[in-house]
Amino acid sequence: MILVLPLAVLGLVWWFVIRPSTKRRSHTRPDDADRVVAPTAPAVRHPTLVVGPPVVAAVVEMIGVSKAYGSGDRRRLALDHLDLAVPEGGVFGLLGQNGAGKTTALRCLMGLISPTSGTCRILGADSGPDLHRVINRVGALIETPGLAPTLSGRRNLALLARLDRIGESAVERALREAGLEDRADDPVATYSLGMRQRLGIATALLRDPEVVILDEPANGLDPAGIAEIRHLLISLARYGRTVIVSSHLLDEVEKTCDRVAVIDAGRCVAVGPIGDVLATAGAGTLLVGVADLGAAQHALAAAGIDSTVTDGALRVRCAPRHAAHVTEILAAEQLFVSELRHERPTLEAVFFGLTSSGAAQDR
Amino acid sequence: MTDLFTADVHRVLWRPLVRALGVSAIIVMGCVGVVIFFHTARHPFHTVTDLRGALGGAAVPLALAGFILGASVLGADFASRAFTTLLIWEPRRQRVLAAQAAACAVVTAVAAMAVLAVFAVALLPTAFAHGVGPSPTGTWYLSITALALRCALLAAAASVVGMSLAAIGGSTAAALAGAGVYLLVIEQAAIAAAPSIGRWLLDVDALSWIAVTPRPTVPGGHTNGHTVVAAGLLLLTAVAALHALATIVVKHRDIA
Numbered sequence: 025m026i027l028v029l030p031l032a033v034l035g036l037v038w039w040f041v042i043r044p045s046t047k048r049r050s051h052t053r054p055d056d057a058d059r060v061v062a063p064t065a066p067a068v069r070h071p072t073l074v075v076g077p078p079v080v081a082a083v084v085e086m087i088g089v090s091k092a093y094g095s096g097d098r099r100r101l102a103l104d105h106l107d108l109a110v111p112e113g114g115v116f117g118l119l120g121q122n123g124a125g126k127t128t129a130l131r132c133l134m135g136l137i138s139p140t141s142g143t144c145r146i147l148g149a150d151s152g153p154d155l156h157r158v159i160n161r162v163g164a165l166i167e168t169p170g171l172a173p174t175l176s177g178r179r180n181l182a183l184l185a186r187l188d189r190i191g192e193s194a195v196e197r198a199l200r201e202a203g204l205e206d207r208a209d210d211p212v213a214t215y216s217l218g219m220r221q222r223l224g225i226a227t228a229l230l231r232d233p234e235v236v237i238l239d240e241p242a243n244g245l246d247p248a249g250i251a252e253i254r255h256l257l258i259s260l261a262r263y264g265r266t267v268i269v270s271s272h273l274l275d276e277v278e279k280t281c282d283r284v285a286v287i288d289a290g291r292c293v294a295v296g297p298i299g300d301v302l303a304t305a306g307a308g309t310l311l312v313g314v315a316d317l318g319a320a321q322h323a324l325a326a327a328g329i330d331s332t333v334t335d336g337a338l339r340v341r342c343a344p345r346h347a348a349h350v351t352e353i354l355a356a357e358q359l360f361v362s363e364l365r366h367e368r369p370t371l372e373a374v375f376f377g378l379t380s381s382g383a384a385q386d387r
Numbered sequence: 040m041t042d043l044f045t046a047d048v049h050r051v052l053w054r055p056l057v058r059a060l061g062v063s064a065i066i067v068m069g070c071v072g073v074v075i076f077f078h079t080a081r082h083p084f085h086t087v088t089d090l091r092g093a094l095g096g097a098a099v100p101l102a103l104a105g106f107i108l109g110a111s112v113l114g115a116d117f118a119s120r121a122f123t124t125l126l127i128w129e130p131r132r133q134r135v136l137a138a139q140a141a142a143c144a145v146v147t148a149v150a151a152m153a154v155l156a157v158f159a160v161a162l163l164p165t166a167f168a169h170g171v172g173p174s175p176t177g178t179w180y181l182s183i184t185a186l187a188l189r190c191a192l193l194a195a196a197a198s199v200v201g202m203s204l205a206a207i208g209g210s211t212a213a214a215l216a217g218a219g220v221y222l223l224v225i226e227q228a229a230i231a232a233a234p235s236i237g238r239w240l241l242d243v244d245a246l247s248w249i250a251v252t253p254r255p256t257v258p259g260g261h262t263n264g265h266t267v268v269a270a271g272l273l274l275l276t277a278v279a280a281l282h283a284l285a286t287i288v289v290k291h292r293d294i295a
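Here the protein sequences line up with chains R and V, keeping their order. For the first sequence, the numbering used here gives the first residue as 25, with consecutive numbering after it. For the second sequence, the numbering used here gives the first residue as 40, with consecutive numbering after it.
Please keep in mind that the hints were generated in silico from the structure rather than gathered at the bench. Computed from a prediction, not measured in an experiment: that's the story for all the values here. Fair warning: there could be bad hints in the mix.
Said to hold, decoys possible - Below, in silico cross-link-like pairs of lysine to any residue (SDA-like), each with a Cα-Cα straight-line distance of 20 Å or less:
| hint | chain 1 | residue 1 | chain 2 | residue 2 |
| --- | --- | --- | --- | --- |
| 1 | V | 290 | R | 244 |
| 2 | R | 279 | R | 327 |
| 3 | R | 279 | R | 303 |
| 4 | V | 290 | R | 156 |
| 5 | V | 290 | R | 138 |
| 6 | R | 279 | R | 265 |
| 7 | V | 290 | R | 150 |
| 8 | V | 290 | V | 141 |
| 9 | R | 279 | R | 329 |
| 10 | V | 290 | R | 186 |
| 11 | V | 290 | R | 154 |
| 12 | V | 290 | R | 254 |
| 13 | V | 290 | R | 265 |
| 14 | R | 279 | R | 212 |
| 15 | V | 290 | R | 264 |
| 16 | R | 279 | R | 264 |
| 17 | R | 279 | R | 317 |
| 18 | V | 290 | R | 245 |
| 19 | R | 279 | R | 121 |
| 20 | V | 290 | R | 352 |
| 21 | R | 279 | R | 373 |
| 22 | V | 290 | V | 152 |
Said to hold, decoys possible - Some residues of chain V that are not near chain R, with every Cβ distance over 12 Å (derived):
| hint | residue |
| --- | --- |
| 23 | 88 |
| 24 | 95 |
| 25 | 115 |
| 26 | 126 |
| 27 | 137 |
| 28 | 141 |
| 29 | 145 |
| 30 | 156 |
| 31 | 161 |
| 32 | 166 |
Built from N, CA and C at the ideal position, the CB exists for glycine as well.
From just these sequences and the hints, can you work out the full model?
Below is the structure:
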């Protein structure tokens, strides 16, 4: 009898906890760390808009990664055959709306959750069994920082530093970089959301890592704090670090990142250098100031040029080099231009064009 | 691994609940010493037997405190996501869990020894003023030290059990509920179904481990409990098995 109960418990744990996980893990591919990886792999079921040259020698790779929660009718795919390849150096942005799968992807990368299928690698090591080989070269902040609330910020960092036998000077450097020197000796429980976020960033920087992974680092920060973090990320990249940052702040990603991957419903819908991704939206528009907007639109339409009237201005869909032609057409109709400005495409426009939130907006 | 253990010891010691438990235990033991002093003014205090009985009686609350400490350490780490941060620094979950178990066990054992020392000191005035019977001998001092060590080890084992249940259940509340279900439902049902099973139950073996007499009668009254050594080995096996189960569960669980 005394043996039956533990055996029954073990059996239940095997059936409900271990067996599903081992089934999931069996889908992972064999090791092929030295392979040159393009951002798109044949296994991808959904097309990804790839712009710019393919990535070689990626420091972070996700190959056909899927993550499902629930089962049967309640099964939900958080990641759907996600493929990513992050090259060495620079700031790589993971862009997506809330619930798109950015945090899930980063959790898979850091080995916190097991993908249902696919492979994640950091610095050539599989995120599952081999992550410990390279973990001292990686710093990460996933969601909100989890730290002991009764300890001071400095004490929290010192305890983490002890794990890697990192000196006190590294703790001070991380506090300085995160802008937390003044409150470093206060208990974390007294910190504001922004200060906790800074402390989380300090933990990610403590090891002076080659790869820095930050999940929504600007959460809870005021505009000045966001600007500081932006400068910090850019300076980290300038000194050769690879920074991966997830965000839903389109403007920040545009200002900070060299490359970007747009994630939507667990899929990567576009990836490449940010300039190239922006270029996919076309050459932009010409904003034309004119007294009679309706007549101007009619005149341009007669010349075969599309335009729209929004926010009290005429927006003409054409390249800047055609500006002279536009003014010529309008002047011929006695419509004189008071303002003429080129509006380049924004990441926001690209994002809404690529993702389901854009479709929702259209509706 | 030693770095992980050292860091965990620091984190355990800095927890407010741990400090509150330690201070409360010392105050309670001091108060009990005072109560016994006044109580023995009218009733005889047999120094050799009563002192040993008092120290043995402290084992149960110490084990309970150890269990709460262990469960709360990991439960709080899950709740505050400090466990996630630890895994980002050391992804080998079995190491993280083993270091936390070791830290909980060591802190609990040392704290229990300290509390028992305070209790013994609190009983000294009673022994000197109201003590009767034969004087303590060298053998008695050895046996009382061994008893204190066994109490401390039991509290340490309880903290590992608490931590392991919290790891399996994912929270402090789950650990407390699990212990309650085991003690109040599973053990009672087992004894009702087969009284002879009593000597194999964990709480009976825990009592046998700290027993003053080697083989106490167990619930059901049919069989005797295990010897101190056998009970100790059974408890050790149970704790190790539970910790192994917790390690397997945590290793395969998605961590938020």
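Consistency of the hints with the structure:
no.	hint	verdict
1	V:290 with R:244	32 Å, violated
2	R:279 with R:327	37 Å, violated
3	R:279 with R:303	16 Å, holds
4	V:290 with R:156	14 Å, holds
5	V:290 with R:138	10 Å, holds
6	R:279 with R:265	18 Å, holds
7	V:290 with R:150	16 Å, holds
8	V:290 with V:141	18 Å, holds
9	R:279 with R:329	32 Å, violated
10	V:290 with R:186	23 Å, violated
11	V:290 with R:154	14 Å, holds
12	V:290 with R:254	36 Å, violated
13	V:290 with R:265	31 Å, violated
14	R:279 with R:212	31 Å, violated
15	V:290 with R:264	34 Å, violated
16	R:279 with R:264	18 Å, holds
17	R:279 with R:317	33 Å, violated
18	V:290 with R:245	34 Å, violated
19	R:279 with R:121	18 Å, holds
20	V:290 with R:352	71 Å, violated
21	R:279 with R:373	15 Å, holds
22	V:290 with V:152	33 Å, violated
23	88	33 Å, holds
24	95	25 Å, holds
25	115	8 Å, violated
26	126	6 Å, violated
27	137	14 Å, holds
28	141	15 Å, holds
29	145	16 Å, holds
30	156	27 Å, holds
31	161	30 Å, holds
32	166	39 Å, holds
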